[in-house]
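Peer 1: If you read the protein sequences in the order shown, they are chains A and B.
Counting from 333, one number per residue, gives the positions in the first sequence under the working numbering.
Counting from 800, one number per residue, gives the positions in the second sequence under the working numbering.
Hints in this document: simulated from the structure, not taken from any laboratory.
Cβ atoms here follow ideal geometry from the backbone N, Cα and C, with glycine treated the same way.
Don't take each hint at face value.
[Said to hold, decoys possible] One side of the interface only, derived from the structure: several residues of chain A facing chain B at Cβ under 7 Å:
#1 Gly340
#2 Gly343
#3 Ser354
#4 Ser360
#5 Ser361
#6 Val368
#7 Gly369
#8 Ile370
#9 Arg373
#10 Ala374
#11 Arg375
#12 Lys376
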Amino acid sequence: MATVVANGFVGCEITWRADVFSGAPQASSAAQFGTVGINFRARKPMTEEEWLAAVSSLTCST
Amino acid sequence: MVRDTALIPSVAQPIPGLDLAELRQAIQDEYALVATDPGRGFHFHTGRPLARLLGYDDAWLDEIPEATIASFAGTGNPFALGTLHDGEFVVDVGCGAGIDSLIASRMVGARGRVIGIDMTPSMVERARRSADALGATNVEFKLGFAERLPVPDGWADAVISNGVLNLFPDKVAGLQEMARVLKPGGRLQIGDILVSKAVPLSAKRDIDLWKG
């Protein structure tokens, strides 16, 4: 989600996640990587200041 | 809005050893098959059963040509993230055979507009045929790449996309394009995938894994 914010958005939120690959007709690599389907939303900021505030709130993990 | 991108470290880095042209061609080939032979069986679900799995209302699919429904290969539900309103302008990035664009075209009504964009010619052809069959005049389908959307700056009230962002070789360029075409305050409503385990570089270079 940091990628989304860093590239022009604010208010990024994942609202849903579910296994959408199991039982597919051909074997999938999805489970190998813990892959799930998601819905997410974000918004283009109204101002530069709003976006910079969102960027500054991003945290780095080590 | 002017941005000093030097301030912002790119989170999505290029993948060393991945041939982007080869990747793009492989993805086009895979989704051309979804367009022309959706029943053959893929690494992902397709069609009406998938739409139900993802929470699509059966009423949304009413009158949409079965060929477009059969080629549906999303991973989420952009419409579950908020209603599209009468008169809104919408861009559908990676529209495939057009199912989400056609649903959106009915939500935004005659005063609204929808532009669906896909890089696979057979998908765009299928979407155009379905729009013609429906008599939908507020939607158009364009061949194009997510990294260079054929849409003016600040045109859209909402950008939707479904199961496509994960296929972008350059996610930074794709997201920046989505931001470019949105009006200030415009909405991004995306269905996609999330990977919860570390993906080794060898896997990131494996084009077959990108496809499924």
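Peer 1: Against each hint, give a clear statement of whether it holds in the structure.
Peer 2: Cross-check of the supplied hints:
Given hint, Gly340 (chain A) at the interface with chain B, holds; its Cβ is 3 Å from that chain's nearest Cβ, closer than 7 Å. Here the hint on Gly343 (chain A) is broken, as its CB sits about 9 Å from the closest CB of chain B, past 7 Å. A distance limit of 7 Å between C-beta atoms decides the matter here; for Ser354 (chain A) the minimum to chain B is near 9 Å, and the interface restraint is violated. At about 4 Å, the closest approach between the beta carbon of Ser360 (chain A) and any beta carbon in chain B falls short of 7 Å, and the interface hint on this residue holds.
For Ser361 (chain A), the shortest C-beta to C-beta distance to chain B is roughly 5 Å, which falls under 7 Å, so the interface hint holds. The criterion of a C-beta within 7 Å of any C-beta in chain B is met by Val368 (chain A), whose closest approach is roughly 6 Å, and the hint holds. For Gly369 (chain A), the shortest C-beta to C-beta distance to chain B is roughly 4 Å, which falls under 7 Å, so the interface hint holds. Hint on Ile370 (chain A) holds. Least Cβ distance to chain B is approximately 5 Å, under the 7 Å limit.
At its closest, the beta carbon of Arg373 (chain A) sits 4 Å from a beta carbon of chain B; the interface hint therefore holds under the 7 Å criterion. Here the hint on Ala374 (chain A) is kept, as its CB sits about 4 Å from the closest CB of chain B, short of 7 Å. Contact between Arg375 (chain A) and chain B, as hinted, is supported at the beta carbon level, the nearest pair being about 6 Å apart and thus within 7 Å. The beta carbon of Lys376 (chain A) is positioned within 7 Å of a beta carbon in chain B (closest approach about 4 Å), and the interface hint is therefore held.
In summary, the numbered hints that this structure violates are 2, 3.
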